[in-house]
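There are 2 protein chains.
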Amino acid sequence: MTSAPYASRERSTKERILGAAEALFATHGFAGASLRQVTAAARVNLAAVNYHFGSKDKLIEEVFRRRLDELNSRRMAALNRIAGESGTTLEDVLDAYIRPALDLSRSDGGGAAFVRVLARAYAEHNETLRRFLSDNYGHVLRQFANEFSRLLPNLAREEIYWRLDIVTGALTYAMADFGVIQRKSDVAERDHREAAADHLIRFAAAGMRNPSASNSSASR
Amino acid sequence: MTSAPYASRERSTKERILGAAEALFATHGFAGASLRQVTAAARVNLAAVNYHFGSKDKLIEEVFRRRLDELNSRRMAALNRIAGESGTTLEDVLDAYIRPALDLSRSDGGGAAFVRVLARAYAEHNETLRRFLSDNYGHVLRQFANEFSRLLPNLAREEIYWRLDIVTGALTYAMADFGVIQRKSDVAERDHREAAADHLIRFAAAGMRNPSASNSSASR
DNA sequence: CGTATTCTCAAACAATCGTTTGATTCAAAC
DNA sequence: GTTTGAATCAAACGATTGTTTGAGAATACG
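Residue numbers (the working numbering), protein chains in the order written: chain A, 29 to 248; chain B, 29 to 248.
I should point out that these hints are in silico values taken from the structure, not numbers from a laboratory. Where a beta carbon is used, it is the ideal one built from N, C-alpha and C, also for glycine. Some hints could be false.
[Said to hold, decoys possible] Okay, the calculated beta carbon distance ranges per label pair:
1. B:Gln65 x A:Asn182: 42 to 52 Å
2. B:Ser62 x A:Ala173: 34 to 44 Å
3. A:Asp136 x B:Ser162: 27 to 37 Å
4. A:Asn73 x B:Gln65: 24 to 34 Å
[Said to hold, decoys possible] So these bits of chain B aren't anywhere near chain A, every CB distance computed over 12 Å:
5. Arg64
6. Arg71
7. Ser114
8. Gly137
9. His167
10. Ser177
Take these sequences, add in the hints, and give me the full structure.
In structure tokens:
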């Protein structure tokens with residue numbers, strides 16, 4: 029029953045659809061990529077999407093779930109290693125949040141495309157998608173907010189969430205752009221990305237630390 | 029001939045369409061917002077878009093042109109004030125690039141919505157749109173790249189463009205998100221945005237200064 | 001005034017969208 | 001070999017997309 033018919037093919041139909049959808053959503057967006065493009069790229073029948081996933085929206089959710097399950101468990105593992113410790117810095121927490129996404133963007137199997145899908149999800153303020161992400165991975169964000177609150181006791185909870193959203197959005201976009209531009213040498217690419225990620229984390233830490241009420245005059 | 033018939037209306041048909049399109053593109057994206065939504069929000073006939081602009085793509089271009097003409101001339105004015113000077117810092121150049129966009133997002137007449145449209149344009153890697161922006165405002169980017177090259181003589185020209193794209197994309201997204209979240213007090217909002225912008229600029233400067241080949245080990 | 005031009009409007013255009021249907025093919029169960 | 005259920009397929013569904021049409025109303029020009 030759980031065995032897969034048609035399994036002699038290279039990959040299962042569901043996985044081929046998910047892979048093609050991921051790549052096309054990254055390039056053309058969720059509204060811009062049609063199911064006919066997706067099924068043509070996956071070389072499956074048009075009806076296969078609704079058969080296996082139910083609808084386009086459910087397919088979109090599955091594209092997220094496939095990657096975010098592992099991404100967020102890695103984030104949680106990294107956070108649990110440092111949460112509550114006395115020597116933990118803001119940069120450490122941000123690293124626990126960002127590094128798994130950076131690793132994902134470096135992975136071979138379409139992870140780079142998914143990071144661009146993530147950036148699109150941030151750009152689009154799709155309400156149903158945000159609800160899905162909040163319902164399924166809200167606890168991760170909540171745990172990170174807990175740790176940020178511990179390190180930034182002067183900031184209100186609402187302020188924490190706000191800054192975290194802005195900062196991760198900017199970080200996600202920057203990381204997604206890494207995947208677009210092809211570098212001459214792969215090793216140089218990895219080094220640069222690593223160095224840029226460190227700077228991004230330091231930037232994010234500065235943004236999180238920024239006191240709220242102080243007017244930032246005379247910076248130049 | 030150049031006088032406007034139907035001018036007794038509150039605003040001209042073209043301007044009403046542009047305003048409605050700007051707001052809807054910011055919310056639903058270019059593919060997600062239909063011309064029927066746009067014309068309904070502008071309370072004009074559906075055919076008015078194709079009559080006044082020719083096509084949806086031309087309308088999109090006009091939405092950009094209306095704001096970017098002034099935005100980029102402000103950028104050029106700010107850049108010309110500091111370009112070539114001996115005391116000019118990287119932060120000054122980035123400020124000349126970012127500050128006009130920040131001012132725009134604070135303006136009353138839909139500027140905040142346009143900043144979100146800008147962020148979408150960065151997220152979508154639409155080729156025709158990128159070509160339009162490059163054709164019409166490429167000289168601005170080129171002038172800024174010149175100044176960056178002067179301050180960062182060790183970086184290759186290609187590297188300058190690459191980093192500038194990433195950095196401005198992240199900055200644009202972060203600024204766009206400012207407009208989504210409504211703050212309790214307007215004065216606190218402005219102060220916070222100002223302070224955050226300063227940090228964003230400092231982050232961008234760090235990202236631009238980042239030496240290319242250095243592996244960033246032992247940051248923690 | 002009358003003519004010309006500009007603009008608006010309802011209606012339809014062909015194309016594409018996500019989705020559904022019903023028949024057919026496949027692999028396993030008995 | 002027959003049956004069963006899952007998977008694939010071509011075809012069509014109604015809805016929506018951007019765009020075009022042609023007639024009509026509003027303004028401008030002589």
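Check your understanding: Okay, which hints does this one fail, numbers in order?
Key -> none
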